[in-house]
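Student: Turn these sequences into a full structure, and let the hints guide you.
Throughout the sequence shown, residue numbering follows my numbering, covering 2 to 179 in sequence.
Misleading hints may appear alongside valid ones.
[To be verified] Simulated pairs of lysine to aspartate or glutamate, EDC-like, Cα-Cα distance not exceeding 16 Å:
(1) K9 <-> E72
(2) K18 <-> D36
(3) K14 <-> D36
(4) K10 <-> E72
(5) K17 <-> E62
(6) K120 <-> E82
(7) K9 <-> E62
(8) K10 <-> D36
(9) K9 <-> D36
(10) K91 <-> D156
(11) K14 <-> E53
(12) K120 <-> E72
(13) K91 <-> E62
(14) K17 <-> E53
(15) K17 <-> D99
(16) K14 <-> E72
(17) K10 <-> E53
[Stated by the list, open to error] Pairwise CB distance ranges (calculated):
(18) L168 <-> R11: 36 to 42 Å
(19) T43 <-> F130: 49 to 55 Å
(20) Y45 <-> L157: 35 to 41 Å
Calculated from the structure, these hints are not laboratory results.
A quick note: this is a predicted structure, and the numbers were derived from the prediction, not measured.
Even glycine gets a Cβ: it sits at the ideal position worked out from N, Cα and C.
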Amino acid sequence: MATSLITKKRIAKSFKKLLTEQAFEKISVRQIMEDAGIRRQTFYNHFLDKYELLEWIFQTELREQVTDNLEYISGYQLLQELLHYFSVNKSFYAQLFDIVDQNDFSSYFQTYCQQLVTKLVREYHSCPFHSEMEYHFFIHYHSQALANAIKHLLDLSEQDYQQQAQLLTQLIKTAIEN
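Tutor: As structure tokens, this is what we get:
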């Protein structure tokens with residue numbers, strides 16, 4: 002099992018590297034496996050195609066960043082770590098958001114943002130909601146806003162990214178705590 006995960010991560014690392022260099026549509030399984038230094042058939046032992054690989058990457062990495070940390074750190078610390086993670090992986094995720102084919106990263110990412118916003122609301126929201134509908138609308142609205150703001154940040158220079166990430170954190174804090 003551990004060997005399988007190591008192999009998958011090695012394939013994913015090569016794919017992420019290639020995705021920063023060229024468009025998703027132009028990357029072939031052959032290129033991924035040559036870059037990884039693994040025979041091509043091994044790819045098919047783990048993934049059906051590059052779309053499944055792509056899905057595995059963002060599900061695995063976002064789970065490690067968000068879901069696995071939900072119970073261990075504060076919502077604001079989790080937000081900071083998520084923003085840092087996206088800063089480090091900007092070029093990869095900028096390309097990922099642009100892919101609108103078989104697998105839609107935006108909808109998966111929205112789910113993770115919803116988990117984060119729900120955590121933030123539970124930890125820091127000071128006023129009770131008037132109804133269940135109001136609560137769900139609040140979560141949905143701020144989840145969409147967070148997902149879209151992070152998508153926007155990926156297109157910025159590093160300096161602008163850091164400045165606007167700080168602003169985003171402050172806006173979320175203000176919206177949730179008031």
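Student: Run every hint past the structure and note whether it holds.
Tutor: Verification of the supplied hints:
With a CA separation close to 27 Å, the supplied pair K9 and E72 exceeds the 16 Å bound. Distance restraint check for K18 and D36: the Cα-Cα separation of roughly 9 Å lies within the 16 Å cut-off, and the hinted pair is therefore satisfied. At most 16 Å may separate the alpha-carbon atoms for a hinted pair to count; K14 and D36 meet this at roughly 9 Å. Distance restraint check for K10 and E72: the Cα-Cα separation of roughly 25 Å exceeds the 16 Å cut-off, and the hinted pair is therefore not satisfied.
A C-alpha spacing of about 12 Å is found between K17 and E62, which places the hinted pair at or below 16 Å, so the restraint holds. At roughly 14 Å between alpha-carbon atoms, K120 and E82 fall within 16 Å of each other, so this suggested pair holds. For the hint pairing K9 with E62, the CA-to-CA distance comes to about 12 Å; that is within 16 Å, so the pair holds. At roughly 13 Å between alpha-carbon atoms, K10 and D36 fall within 16 Å of each other, so this suggested pair holds.
With a C-alpha separation of about 13 Å, the suggested pairing of K9 with D36 holds against the 16 Å cut-off. Among the hinted pairs, K91 with D156 is consistent with the structure: their alpha-carbon atoms are about 8 Å apart, no more than 16 Å. With a C-alpha separation of about 14 Å, the suggested pairing of K14 with E53 holds against the 16 Å cut-off. For the given pair, K120 sits about 9 Å from E72 by alpha-carbon distance, which is consistent with the 16 Å threshold.
In summary, the hint linking K91 to E62 is supported, as the alpha carbons are separated by about 14 Å, within the 16 Å threshold. A threshold of 16 Å between alpha carbons decides the hint, and for K17 with E53 the separation of about 14 Å falls inside it, so the pair holds. Proximity of K17 to D99 is assessed by CA-CA distance (about 14 Å); at most 16 Å being required, the pair is judged to hold. As the CA atoms of K14 and E72 are separated by approximately 28 Å, the hinted pair breaks the 16 Å bound.
The hinted pair formed by K10 and E53 meets the criterion: a straight-line CA distance of about 13 Å does not exceed 16 Å. Distance hint check for L168 and R11: the Cβ-Cβ separation is about 37 Å, which falls inside the suggested range of 36 to 42 Å. Here the CB-CB span from T43 to F130 is close to 51 Å, well matched to the stated 49 to 55 Å. A C-beta distance of roughly 38 Å is found between Y45 and L157, which places it inside the suggested range of 35 to 41 Å.
In this structure, the earlier hints numbered 1, 4, 16 are contradicted, and the remaining ones agree with it.
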